[in-house]
Each structure stands twice: as structure tokens, then as C-alpha cells.
Amino acid sequence: MSLADLPLHDMQRAASLDALCGIVAERHARGEATVLLAGGTDWVVEQELKPPRGDADPRPLVVDVSCMAELRGITATRGLLRIGAAATYLEIRRHPTVIERAPMLAAMARELGAIQIQARGTLGGNLATASPAADGVAALAAYDASIVVKSVRGERRIPFSALQTGYKQSTRAPDEVIVAVEIALPPEGSPWLWRKVGTRRAQAISKVALAGIAVRSEDRVVRLGLGMASVAPITATLLQTRALVLSRPLSAITADALDAAVLSDIAPIDDVRSTREYRKHAAKAVVRGFLRDLGAPV
Amino acid sequence: MTTAAQNASSARPPFIGTNVPRTDGASKVTGRAAYVDDLPREPGELFGATVRSPVPRARLRGITLDPAFDWSDVTVVRASDLAVNEVQCITAEQPILAADQIRHAYEPVVLLACADKRKLAQAVRAVKLDLEPLTPILDPEQSLAKVDVIWGEDNVHKRFSITKGRADLPDPAASAAAIEAAIASSEVVVRGRYTTHHQEQLYIEPQGVIARWDEKGVHVTGSLQCPYYVHKALVHGFDLAADRVHVTQAVTGGGFGGKEEYPSVIALHAALLAQKSGKPVRMIYDRKEDIEATTKRHPAICEIVSGCDRDGTLRALSIRILMDGGAYMTLTPVVLSRGALHAAGVYRWDDVRIDAVAVATNTPPNGAFRGFGAPQTIWAIERHLDRVAQELGRDPMDLKAQNMLREGDTTATGQTLRGSVGVAECLEKALTASGYHDKRKAPPAVRGRVARGIGASVFMHGAGFTGSGEKHLKGRVAVDLLPGGRLRIRTASTDIGQGTETVFRQIAADATGLHLADIDFAVPSTSYVPDSGPTVASRTVMVVGGIVERAAREVAARVRAEQETSGGDFAAAADRLLTKEREVTALVQYEHPGWVTWDDSTYKGDAYPVYGYACDVAEVEVDLDTLEVTVTGFWSATDVGKAIHPVMCKGQIEGGSLQAIGWALWEDVVWKNGLIQNPRMTNYIIPTALDAPPMHVDLVEAPYAYGPGGGAKGVGELPMDGGAPAIAAAVEHATGLFARDLPLLPERLLELQTNRKG
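Respectively, the protein sequence lines represent chains F and Z. Numbers 43 to 340, taken from our numbering, label the letters of the first sequence in order. Numbers 778 to 1535, taken from our numbering, label the letters of the second sequence in order.
Bear in mind the hints are in silico, worked out from the structure with no lab data behind them. Check each hint, because a few of them may be wrong.
Straight-line C-alpha distance at most 30 Å; calculated DSS-like pairs for lysine-lysine [claimed, not checked]:
hint, chain 1, residue 1, chain 2, residue 2
1, Z, Lys905, F, Lys92
2, F, Lys210, Z, Lys1065
3, F, Lys210, Z, Lys1449
4, F, Lys92, Z, Lys896
5, Z, Lys1065, F, Lys92
6, Z, Lys1534, F, Lys322
7, Z, Lys1449, F, Lys322
8, Z, Lys1449, F, Lys92
9, F, Lys92, Z, Lys894
Full structure from sequences and hints, please.
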């Protein structure tokens, strides 16, 4: 209904990242929000669901950041992969370094939405809207990525583990712009898993999705990253499960212990896509599947 | 010589049976086709919107227009403004606007129109409904138990009974006792309860109409299947003479039954706003409003008790069908009837009693949807026979083949099948092509954490209207002779994407010897096409196509007679004839085969003049960890009588099968307190191309002596019937989980698995 309200928004682009930070800060100081629009794959849909705006309502400012050079591009230097907040999923899945060194990220991007969504959607947008169902964010959780944010006060990095505080809540200040994500690349050939349990094979929001990345040394996992979508108010990082796996040889991990750890790490709910019981079942099953691939007898 | 003349004078190979290009194809793929919302704005045109009830049941105490809002340029229509507040369907029990009672969520209460779309959206929110909520009845079993009365005297929209053999007694109690006794005396008795759920048509183009009034009366153009249904509703709603109502079909993006009866509602709404405002009004639903407010497939509960011999011969059958009609009756009696008539499946039974009842609930009215009640009952009987086979230790398809109807056998209504029974060939072809028997004999293949299984179903679907329907309807088609020896078909049968235009041209061309390009298809408008009956019930090709054939032949014969007396080619003779007679038109009416007899009071006789038959086979992979089901292959052998256009015919079968697969595995309207939780394409899950299996369709042609083009039967609905039971059988083969309830969501399979372990 209220897509008809789009003309009631002020739309603009900023000349530079610094100028953008200035606009956001200035408006924030006045108590006004600024919408940063990248792909719009969440935001435009949300507008449609909102009640129509009254004529007296303040005009929201929407800044299109999809073309901002500082927010774009994918680079890899000395084992650090940096993905601009406004790089699209299509760019991510097609990038040679991503394909070679972060194949789980590429696999995730391939299964996300439809190709049209992939051509517009961005990691920055996924982080900003902060849905616990976001596949891209689950992948970042598994990589223990850092989020680069910038404001008029300067630039800082938020480790993923310190990012999310509650349902759609984060430690990013309201005037901080998401610039990029940085991933410390695991050694080449590290085992990984992207397993999406969606409502169908494509164009599906996850019922449960598991991102996993491991570094194995003989019978042990020495580094483990896990991220799970749609099983808690925030993207689940499965810390108990990680601790369990890192604490003992793969051969000593039992299915029961693993299941118990997974259940302690998640807090799924019934919703329109699935049920709490099914999510618990599927979460356990996909984690077991990953550990089985790694060599655990589960 | 003109093309028409050349083709008329020289023999050419037939068009029927060939895959000519669709005549509407180019305009659709290039975007030139104008759907209703593409039609140019008319001067002064307003947009229309609907204020709907947010609760499923309430007393409507009042309506307040927010005094702070500027209503000066907004047209408002309430129930109190209406002279007639009835939507004419089978009866006129549904109000156009709720007056004092709210009977379902999203029920229309107030209509608004405004030139400014944004202001219109605000106006919708500025209407305050004073509602006193009442406890809704949302469960059909509670409705049947009369926990509260919400419709009529007892909530019952309709009841039917079908009896045969020893149960064929006039007294219902005696009949029920007789079937019980017949079953009890059988060697093997099996009981089961099988349920199905709502399904949304999800046509690609939402509902929409444009209405305007002038000195000729009311004009409505819209996305619709049945122009004369809308015509009838407008005549009744405005108390107008028939010739003052003009309903025209715009290019229509799919219907699947969803644009059978509902367009009457939106047409009345737009016409009311247009009448009050004196301006044209455009009403186009968005997806959310469309999913919430318009009709869906009736959910059904079927309880079956059957008796058979130890050798598998089926003997006695008792079925109780309960359908959820939703808040108003609308077309429910007809859906229930078709459901009941297909409930015994494609099998011989000696003794039968089928009791079908549909009741009201406080949910939006359920309505027409491809299959029209049959997919619900065929799900039940197919699953039930799978259970019987389990009990007997037999392969289900062997058991089914043993009991399938043959020519000369009688159905549950006592109809003797008089030919065109291609079911055995369908079964043979589909099972062979899919390698069913070898795959069933081998133990379920488990590879890693994935189990593979195969399952099948066999079924029939009556073509055309039930019983005496076609006889009463007397569908008519006109074919006009045009200058140059061309023909124009005038029919109310609409092309909603299924290819009517093209197929009718093929039939008319072959009936006359003319070329396809010489046959025009008039835009269906009640102002100049006769009432051919609605575009429903798998009747378009078989029934209306037959009338087209006869009408075209009649016109061509008159031209040829002129040719014989005065010479010249076809075109010249046509022009001479037109000069002489000014108008050369054949207006032909449907003639039911004389042998068809049907008794509506006893539900006995020839329920349909003929049936289409099919056997579906599904092969699935089930992820044993997550219980996700992937259909890896789908085979259907379908007896269509005669395929006029094999590619489009197969297209109907592939599309219908995919719709059945969607219903079986994913599609699920999620309800909470009478409200729909997933009215969007992101969360009402239909299959994507990646979810669609490779399809292998075999056309079987057991011609129907009265069908056009050499024996065509209906095909539109049949492919919706068998997909779900075939998939359930395949899932059972793969996992051992026997599903009785649709849809087979992983969540549901997990429950089955947990209960089995428990």
C-alpha cells in the first residue's frame, strides 16, 4: 500500500564516505534517522508493510549508498579478505578470491534469494537490518568476521562476537556507517559447510542454516567457526558447541554430547516458516552432519 | 486467390494434433498484451479500495468516518447505501458488504474511491469500525457439532449421499446399517481418516476490474474466467435489465478457479463506487489483499471404512466427507458434489455409501480451484488403498490395477462406463516409463543420509459439468462469416493462459478446411458473445470446443453451398453470401449425448458423460536428517481422448502436476485466530523451477465419441488430482512414514517419525 509513499521520502547520494558520516551524525544529533539504501531488498519490502504516512509525518531521508566507492569492492591482502558493505552477493559469489579462499561464503551467496536479489542484496544491508534469519550474517559469524564501521568520530572494528546484543539490536552506534567486513582467511583447503534448510530450494528464507568452517590437525579441530540462522533472537554462534568440539579429539565426541551442546546454544521459536521442535531437530542434524564430515563418530 | 480460398480449396494436413504457435504468445512475451491494470486511465478515473474486517466474527455496531480527515474527494459506499446487498452466485446469501454481522476476517465493510492513491490508503485507515468481537467457529468439526450457529439453521451448506448395492436403500439409517453390515462381513476391513488443507490459487495476476456507467448501463472490464457469472451478479445487484450490463474479459493472467466466482464480488464493489461517484473506478488487489480476501481450496476431512476379500477384491466402501465451506456457501455445494462423486476413486465397489457434508466456518469463503473437490477425496481414497495394500501385503498398484474400472463396469452412482476408458493403458505406460515395479521391489535405496522412494496413484476426473448441468446450461457459441471467407468465433469461454484461443482456432480451421490465420477469436464480452457457460470444469475443449466445431462447420457448409450453385472460390462465395444475406452467423447450442441420464434427487446415473484418466508416479529423495522431500522425477500417463495441441495439453498436465506437488509438499495457508499469517509470495511457498522435478508426460488417446477434433476430453483439472497421493506413497516407500494429512512438510514428517518412535 505505502509504496505509493516513496515520493514522500527525500532521496539523495553523498559525495564521499566522510560526507555521508557527516549527514548521518548531523541528523542523529537532531534526533532524525537516516536510511542508508544499498540493495533495498529488505527496506523496500518493509515500506510496503508499513501503514501509509500522514501528510504531517516528517520526511525520512534516504541516502543511496549502492554506488559509493568506499563501500564497494572486494580485496584480499595478507590473509585478510575485505568485502565492502555495498558489494552485492552476486559480486561476492563470482569473486575469484572468495571462490578460492572463502568458498563457504560463495556457497552461501549462491543459495541466497533469487539472482535478482543476489544482484542487489549486500552484506552491509544484512548487518544493518540485523535479522537473525539472515544467511549472510550466519556466514560472517562462522568466519568470526570483524565489522568495519565509521562515524565522524573515526573508524573502528567490531568483532562479530561483540556485535549483536538482542533481536535486531547491536553495539553499532546509530551514527556509525557500516563500511566493510573483514575476514581472517582460514588456511587453504580448510573444511567448511554451508547447509541451508529453507522452505524450498530457492528464494527461501531459512528455517535453519548452518555455516561452518574448521581447521583440523589430525584427530582434533583446532579452529572452529559456526554460525546459525533462524534459531535464536540473534545469529547463533554456537559457543557451547564450539567449546565442546575444540575440547576433545574428534573421536571422543559423542552424538548425545553434541546434541546437548547445540540445544544449549539455541532458542528457536514457532513462526510462520517452521516450528520450534523442527528447528531443534534440524539444528542438531546439520551440526552432526558437519562433525561427521570432519570425522567425528556422530 | 486469398489465403483463405487457397486453404479451403486444397487439402492440407490437419492442425489438430499439431503444435501450432499460440495465437496470444507473441503479445504476451513481448509485453504488448494489456492486462486490466495496463489499460489506459480513463478521464476522471478513481482508484477503489476496500475496508475489511480485522476479526473473524463480530457484531458490527457502527462505522465512523474520522471527522479530522478530509472526505471531500473520497467516495464512500456502505451496506446502508445498497438497494440490493446480495452477491448472486448459486443463491444470494453472501452480502456485497457486511451490514451488521462480520462472518469472516477480511470481510468487506466499506468501499472507498479517490483519485489520489495515497490519500485513498490514508482514508482506509480513517474509517473506524465499531466491532463487538464474538467467538468464531474456525473448525469445521465444531461447526458440524453446532457448538454455535453461524450460518442458516445448522451451519450446513449442503449434504449429499451416494448409495450403491446393498446400501442403496431410501432410508438413510437403514442404508448406513446395511453398509456397516456389508463391511463387517468382509474378510479384510480397513479404517482411516485423511485430511487436506487450504490452497491458494496464486495466479500470477491478482484480481482486478475497471467499472464505469454510461447511458448504456454498467461496463465492467476485468481479469476473469466467466463473463456471464459477473453479468448475472451485476444484473441482480443493480436490478438491471440484462442488456444494460456489459462485462468484458481483459487479458487474464491465470485463474485456476480463483477467478470463477470471486470476480463478481470485486465487480460489484467497483461498479457501486463508479455509480456513486459518477466516475470510472479501477480496483486492483495487491497480492496480500488477494491472498487474504479471495477464495481458496476447501479443506476436507475424509473418514473411510472399506471391506475387501483376502485376494484384494474390493467389496464395500463407506466414506464420510466433511468440507469447510468458509463463511458463505457460494459454490460450495458444487465443490462438495464433485468431491463426493470422485470419492470412490477409479475402482469397482459392490456396495457404497458416501455421506458428504459441507459446513460454514468463520473463514473467508472457499471456492473453485482446479479439481474442485476431487483432489481432496482422491487423496483420501488413494491413501486408503495404499493402507489396504499394506494390510494385504500387496504392492498398492497391483491392488489398484486388480480393481480398476473397465468399460462396462459401474461407478458408485451406477453409471455404466461406455467407452473411452484409457486407465489401464495409463497405468501400464506410467509404471513402465518410471520403472516403478523394479524400483518398488528393490529395498528403499539409502545413500548416505538420503533415502529414495517411488510411489504412484491412479485416478479419473469427470469432464464437463456434473449430471444434468450441461443440459440445463445449454452453452452456445456463435461463428460469423467475415469478408474474404474468414470466420470469427464468438464465445464466452475465456483464454486465461491455458490456450483456449489457439485450440478453438485449430478446431474451427479443421472443421472448415480454412487456415488458422483465417479464424478470428472475439474478445469475450457479454455485449456480443453468447453465453457458452463458464470457463470451468474441464469443459472448455470438450464441451465448448464441440460447439465451435459444429458452428464453424455450419457456416462453411453455407459458403460451400453458395460455391456449388454459383462457382468461384471460397472467399468469393463468402463475399457473395454476405452481400446477399448481410449477416451469416451460426449460433449453435450444446447438445448433450442422448443417452446421458442423471437424477439429481437420488444422485444416480451418468455423473459425467465421460472421464479423463491418469496414472502418476513420483520418485522422491528424503533427507533423513532434515526430512526435506525432493521430487526427483515425475511421470504421468494421461488419457485425454484426443490432444488437440499436444504441447499445450502436456503443459496443462505438467503445470497441474506441479500445482499438485506444491499442495503436497509446501503450500500451506498458516492461520492464527482466523487470520492468515503468510499472505505473501515470500511465505506462501509454491515450488520454484529448482523444486520442479523433470516431468515425463505420456498422452494416451482413448477417444470420446462426442468430443471435438476426433475425441477430445477435458484435461484442465485431472492433473491436480494424483500428485499428492503419489508423493505420499513415495515418501512412505523411502521412509516407512505413512502420511494421512497434507501437506507433507518436514515438520509434519518429524511428528510422524517422533510418534512412531514413541
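Exercise for the section: Determine which of the earlier numbered hints do not hold for this structure and return their numbers in increasing order. Expected result: Hint check: nothing fails, all pass.
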